[in-house]
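K.L.:
Chains A and B supply the protein sequences, listed in that same order. In this text, residue positions in the first sequence follow our numbering: the first is 119, and each later residue adds one. In this text, residue positions in the second sequence follow our numbering: the first is 173, and each later residue adds one.
Incorrect hints may have been included.
Label-pair ranges, simulated between beta-carbon atoms [said to hold, decoys possible]:
hint, chain 1, residue 1, chain 2, residue 2, range
1, B, A244, A, Q167, 49 to 55 Å
2, A, F217, B, S318, 44 to 50 Å
3, B, S318, A, L183, 50 to 56 Å
4, A, S286, B, V202, 40 to 46 Å
5, B, A363, A, V296, 23 to 29 Å
6, B, A363, A, L280, 36 to 42 Å
Derived by calculation from the structure, the hints in this document are not laboratory data. Quantities reported herein were computed from a predicted structural model and do not represent experimental measurements. By construction, the Cβ of each residue, glycine as well, lies at the ideal position given by its N, Cα and C atoms.
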Amino acid sequence: MRPSTSFRIFRAVLLLAFAAYFFVPLLAMFDFSTQVRGSAPGRTWDNWQLMFTDEDLRSSIVASLLLALFTVVLMVALLVPTMVWVRLRVPRMRKVIEFLCLLPLTIPALVIVVGITNVYSWVTYVLGDSPLVLTFAYVVLVLPYSYRAIDAALSAIDVATLSEAARSLGAGWFTVIVRIVLPNITGGVLGAAFISVALVLGEYVFASLLHFDTLPVAMAALYKSNGPAAMAAALASMILVALFLVGLTFLSRDRHKQGAST
Amino acid sequence: MRGGPGRRFAVGPALPLLPFLGFVLVFLVVPTLTVVMGAFQDEDGRLTLGNLDALTGDAALTALRGSLVLSASTALIGAVLGALLAYLIVSMSPHSLLRRATLAVSGVLAQFGGVVLAFAWIATIGPVGVVTNAVLELFGADLYGSGWLFGLPGLIVVYSYFQIPLMVIVFAPAFEGLRPQWREAAVNLGASTWDYWRHVALPLLTPAFLGAVLLLFANAFAAYATAAVLVSQGQPIVPLLIRQAITSEVLLGQANVGFALALEMIVVVTLVMVAYNLLLRRTSRWMR
């Protein structure tokens, strides 16, 4: 049924109203970030350059990017072998693993932070006081989303047949998981990685309450002394996160296409 | 676990799960249990119900009411406006570039929160925000007023920014699940557009809609980062009261009150999520 002209006009007007609500704050942030300090007239890119010149800000950016990388690596290393193994050898544990992975959806991050202080005083005692120790907490944070992405990818392939074929040709379990299963679920793993990176780059709850200088914490601190520069850094991180999340929607669309054609 | 002789190695195959189980135990289960048990212990680890008394104090009740108002209002605003936006998107042709773009943007904005979101709204309707200045110049009105952005009303506007796109993502599939054949069947039987919506589409969409409202409620109730950056004075919602309890070192015994407040959060979010899953099961009966 083709929509009538009046409906199309109605739709266009409403879509514009929604667009205004969603894009004005982003444009406002951009406007703020190019202002000269002290409300002097004119425009400047100095606030954007500060991301590379300011020592504190730069080290927090490096910390956040490394955290994203470490989180993805640990998440994949923990989740992929476990999920493959459960499917192949201990299917009765599957419900347990799923429950544990989805648990962070019902336990707010703030609650975990409140209870994790003892665990973290032990972690920092063993591993030192680097922000990178947040990796552990962040893997918990991204578990539900990563689990769903990888689970969907595993459901789309025949893990049992693949691994039996590889095993009968003499492959060990390491080979089966890394060289046989993993290449077949790259879409799901990439999706899990993208959403993890997006979540880690914006994470504030753990970092601020456990006192680690990641990018969001540094931005919040910088805002008090140099608002426009903090806005520039915030917008930059937002754009980076948006790229990852848009990449994610394209990945999932490709997966649907594959499913439809086979 | 220990079956007959045929399952002699029943425990063996579970061994490779140990790294994962150990990790989840240390970084998820132990912290949660710490909170739950801490809520019922005093400073010296003795059992007490004293911390729960703190939950019925003025500050805690005000914060709980604030959290419930914030979550309920943004869940309703998000659900109604998000469903409207989802309908507008789904009414476009499936191949339309605009449709794909709006869905992709919704996916991005639903994850948007924390420091960046707080900044975006300060830049817009903060004391020297772009829209504040524009309204002042055009209409001579003071949009910022006495700083409502940094209290509960401000949080409602700001939270809606991620609630509406989340609703779009959650609810668009429900609209897509309405098959054109159902409408054709209704029209063939003499139904008007109103009849179709009233007797066919709305009853089908209601469980999915209520489920989405619950999901949005839990999402707002658990959110912390945006409020933490935006609100620096007072504790209008539970998460901010928890922040005060765990960061203030002046008041002894506050740590366990923090645990009790955190337990309150678990209870509310769990109840809502259980109801959500029940509704989801009902929805999945007809939506495929």
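K.L.:
Indicate, hint by hint, whether the structure satisfies it.
P.N.:
Results for each hint:
1. A244/B - Q167/A: 49 to 55 Å: Violated, since A244/B and Q167/A (Cβ atoms, about 44 Å apart) do not stay within the stated range.
2. F217/A - S318/B: 44 to 50 Å: 47 Å, holds
3. S318/B - L183/A: 50 to 56 Å: Violated, at about 40 Å.
4. S286/A - V202/B: 40 to 46 Å: Since the Cβ atoms of S286/A and V202/B sit about 42 Å apart, the hinted range of 40 to 46 Å holds.
5. A363/B - V296/A: 23 to 29 Å: Check failed, 58 Å falls outside 23 to 29 Å.
6. A363/B - L280/A: 36 to 42 Å: 51 Å, violated
Consistency note: the structure conflicts with the earlier hints numbered 1, 3, 5, 6.
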